[in-house]
Every structure is written in C-alpha cells, then in structure tokens.
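Student: Residue-level listing of the chains:
Protein chains: 2
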Amino acid sequence: MKGKFYGIGVGPGDPDLLTLKAVKVLNKADVIICPKGKEEEDSIALDIAKEHIHEKAVIKTLLFPMVHCKETLKKHWQENTSIIEEDLKAEKQVVFLTLGDALLYSTYIYMMESLKQQGYEVETISGITSFSATASTVNLPLAKGKETLTVLPLTKDGESLERLLPAVDNLVILKVSHNPKVLAEKLKQYNVENNFVMISKCGHDDEIITRDIQVLEEGNVPYLSTVIVKKGGF
Amino acid sequence: MKGKFYGIGVGPGDPDLLTLKAVKVLNKADVIICPKGKEEEDSIALDIAKEHIHEKAVIKTLLFPMVHCKETLKKHWQENTSIIEEDLKAEKQVVFLTLGDALLYSTYIYMMESLKQQGYEVETISGITSFSATASTVNLPLAKGKETLTVLPLTKDGESLERLLPAVDNLVILKVSHNPKVLAEKLKQYNVENNFVMISKCGHDDEIITRDIQVLEEGNVPYLSTVIVKKGGF
Chain A
1 MKGKFYGIGV GPGDPDLLTL KAVKVLNKAD VIICPKGKEE EDSIALDIAK
51 EHIHEKAVIK TLLFPMVHCK ETLKKHWQEN TSIIEEDLKA EKQVVFLTLG
101 DALLYSTYIY MMESLKQQGY EVETISGITS FSATASTVNL PLAKGKETLT
151 VLPLTKDGES LERLLPAVDN LVILKVSHNP KVLAEKLKQY NVENNFVMIS
201 KCGHDDEIIT RDIQVLEEGN VPYLSTVIVK KGGF
Chain B
1 MKGKFYGIGV GPGDPDLLTL KAVKVLNKAD VIICPKGKEE EDSIALDIAK
51 EHIHEKAVIK TLLFPMVHCK ETLKKHWQEN TSIIEEDLKA EKQVVFLTLG
101 DALLYSTYIY MMESLKQQGY EVETISGITS FSATASTVNL PLAKGKETLT
151 VLPLTKDGES LERLLPAVDN LVILKVSHNP KVLAEKLKQY NVENNFVMIS
201 KCGHDDEIIT RDIQVLEEGN VPYLSTVIVK KGGF
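Going down the list, the protein sequences come from chains A and B.
Using the numbering used here, read the first sequence as starting at 1 and increasing by one per residue.
Using the numbering used here, read the second sequence as starting at 1 and increasing by one per residue.
Rather than coming from a laboratory, the hints here were simulated on the basis of the structure.
Don't be surprised by glycine CBs; every beta carbon is placed ideally from N, CA and C.
A couple of the hints might just be wrong.
For the chain A half of the interface with chain B, some residues (derived, Cβ under 10 Å), not all of them [unchecked claim]: (1) Glu113; (2) Ser136; (3) Ser160.
This is chain A alone, in the form it adopts within the complex (with noise of 0.2 Å):
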C-alpha cells in the first residue's frame, strides 16, 4: 500500500462531534499526527480524537508555535514536513489531526499545500466548524433565505472588521480577544451594539453567554471567545 496523508477535523471539542469518516480513517492510521501550539502543552486535538485511535498506531506531537514571526513558522513547517515525508515513504497511513474542520485555519493547510505539491495523495476529511457548534448551543441560525454568512479572526487593529461589517447580513467573529474594544466600537458606529450575543468557553462548565456591549468595552474577554452579528435581528 502506498503512503497518504489525511487532514482530519475533529471538530471544536465534544468527541461525538466527529464524523463516522473521521473514525474509520483513524482505525487504519499507521500514523497520527498531533499539532500542539506550545511545548508544554497537550495536544487538544489529540484529547478530542484518542479513542478511537488504535494501540498500535503511533502518536507523534508536532509544536507548531503561535508566532507572528514567519521565518520562526516556516522552519517549523518545513521541520514538521519533513517528519511527515520521512512517514509517507515508508509507505504509512499519515493522519494529521486538526480541530474544527480542517480546511478552515488550520495548520494542517500548510503541510497539505507542500506534500500535495511534492507529488504525494492527500486526503481532507471536513469537520464541524466553531461557529456551527456555537450557533448549535444557542439555536442561533447563522444565516437563512438570501442572507449571506462572514467568518472573520478578530487581528489587532480590527482592519477587516471594518472592511466587511459595513456589507455583511451575518457576520461570525472569531478570536475576539484580540481586541473587544474596538469591536465594540464598530459595533455601535454601525448602530448594531444590541444585535450581537458572546459565547465565551462554549460547552465547558464556566460557559458565558451574553447579549451586554459593555463587556465588549471592558476589553476583559476569555481567550475562547466567538461573536455572532445579526444585523437584522435576533
């Protein structure tokens, strides 16, 4: 048999929310490629799939380190890369794991872009995204009829927040706390302040749910914190 890589979402935290797909390919995995963001940590994505993964398969945790420097990342990349080539030729079942789906800011692109490229097969099996579990939570549609739907990561100076707010129905902010103030800004210079909600640390113990702008100006957010925009109402 030859050697394939797979990209697999596991999906944003509950087990259950993976896909049957996800599991048959982890049952014949020679090979499972865990990402984590810093040395000391666990891999998240690892805790979300493990059982399912086979006695015999061989769990290798990659640091893929959360750093702006692009130098830093890509000597990372390549690093990882290699780890995974090194695999692929002796002809494994590589599986690199990811959460929410695996297409969608993911760390797993970027290994997917070079070994693709390099000639090797490569297989995505998608996953559920954030942004769908959150609205599931709150049975919050995320969009219906002709609306139209816009993820967008919070970045420090809210430049695309302010490119899109102004054209968007539905608007999903991930990574809100990067910057909460100057959403919170935006949100009333376009006079929707009242047509946001906030789950913060959605599906753990500690979960917030809030509707109140003035925690947005606060700037006081937990770091797993999603907006949802309906600018024409809940």
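Once you've looked at the hints, dock chain B against the given chain A.
Tutor: Same frame as chain A, now just chain B:
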C-alpha cells in the same frame, strides 16, 4: 420522558459525514421528520441518514415547497409545525433531518424558532456544510491566517455579490445556477476571473471541476454548483 425536538445536520451527501452525535440521537428517536421540496421527490436527507434509523421509528416526510410566495411558505411551515407539535405533546423524541449544517440555510430553522417560542425543548446537532465538503474534494483551503470567509447564495439580481465581492478575501458562492452570467461579469469587473474554481455535482459520478470563466459566461451551469473565489490567488 418529556417530548424533545432535535435538528440534525446530516451533511452534504456522504453518509459517512454524519457525526457520532447524530447517529446516537437517531438511535433513540421516536419520529423522524424528513423535508422534501417536491411532492413527487424522495427526501435526500432521509437517504443519507436511513441506515442509522431503527425499525420502530416513525418516518414522516413533510413537504416544504421551494416557492417564493411567503404566504404559501408560512402556510406549509405552520401545518408542518402542528404535525411536529402533536408528537411532542405525546412526549415523543422528534428528529428533523436537514442537509448540511442545521443552522445554515435550512427549513429546520423556522420549525425550531417556532417550537422554541412555544416552550418546547430543542437541541440542534451541527452538520458538515456543503462548502466544507466541496473544499475537501479539491483540497483547497477556505481561509487561512487573518483571511476572511464569506458565504452567499447567489440571487437572480446578484445584489449581495455586488455588495460583498469588493470587501472579501475568500468567497463561497452557493446556488450558482441562479445567475452564472452576472457572476462572470462581476468576477471580471473585480479582476478575479482567474481566481475561482467551480465544482458541480460534487461527489457524484459526473462531477465537474472548472476554472474557465467561459463556462459561467455561457450560463449553462448544473443545479448543484458551488464557486470558490480566492482573491489572493490559489
């Protein structure tokens, strides 16, 4: 046990893209509601989920006609909601099947909102979206890093396309067959006619993948077609 209303996103077509959670809920369901758009059609959602439905479950196929007349739509929604309510009053576990994700462009949304308002317990189970699966088929990233992702169903007048195309980074266009010519025109106007891919009948035997603007210009696009625009290039 009290009656409860569940919405399950069964994903875009491959039965293996159901989540484990969806399967667990299907296993305990008393009633399965399957929407269909035309009287003479079968329910596609039922076809995807059927192998996980146990023998004792009652399957009810309800008609949700694809018409633009709001009065006709509302009449059907109300009739269908009443049918579901009867089962909930009889303390049944009622599952509504929906293609893709349950909270994105689904008729489930209207049932859920109405039943939630009336005080019934509801639970939504996320599904894989059609665009995640489409992107997986061609191993194309939907968004990475600080990029944004916008999803819009193409309308006959192209209004939301006109409004959003200048501001987005990555764009998923659903229902391309509604007006491929206006899409071609707008892609050219914003100089992104080389930055798109169209996937028609994704996952079917007669799947078509094209990056040729002429196909859009000729206006002959199959019903199940999705376009992904990457303004930053491929």
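Student: Compare the structure with each hint and give your call.
Tutor: Consistency of the hints with the structure:
1. Glu113: With a minimum Cβ separation of about 8 Å from chain B (threshold 10 Å), the hint on Glu113 of chain A holds.
2. Ser136: OK, holds: Ser136 of chain A within 10 Å of chain B, min 4 Å.
3. Ser160: Since the shortest Cβ distance to chain B is 5 Å, the answer is holds.
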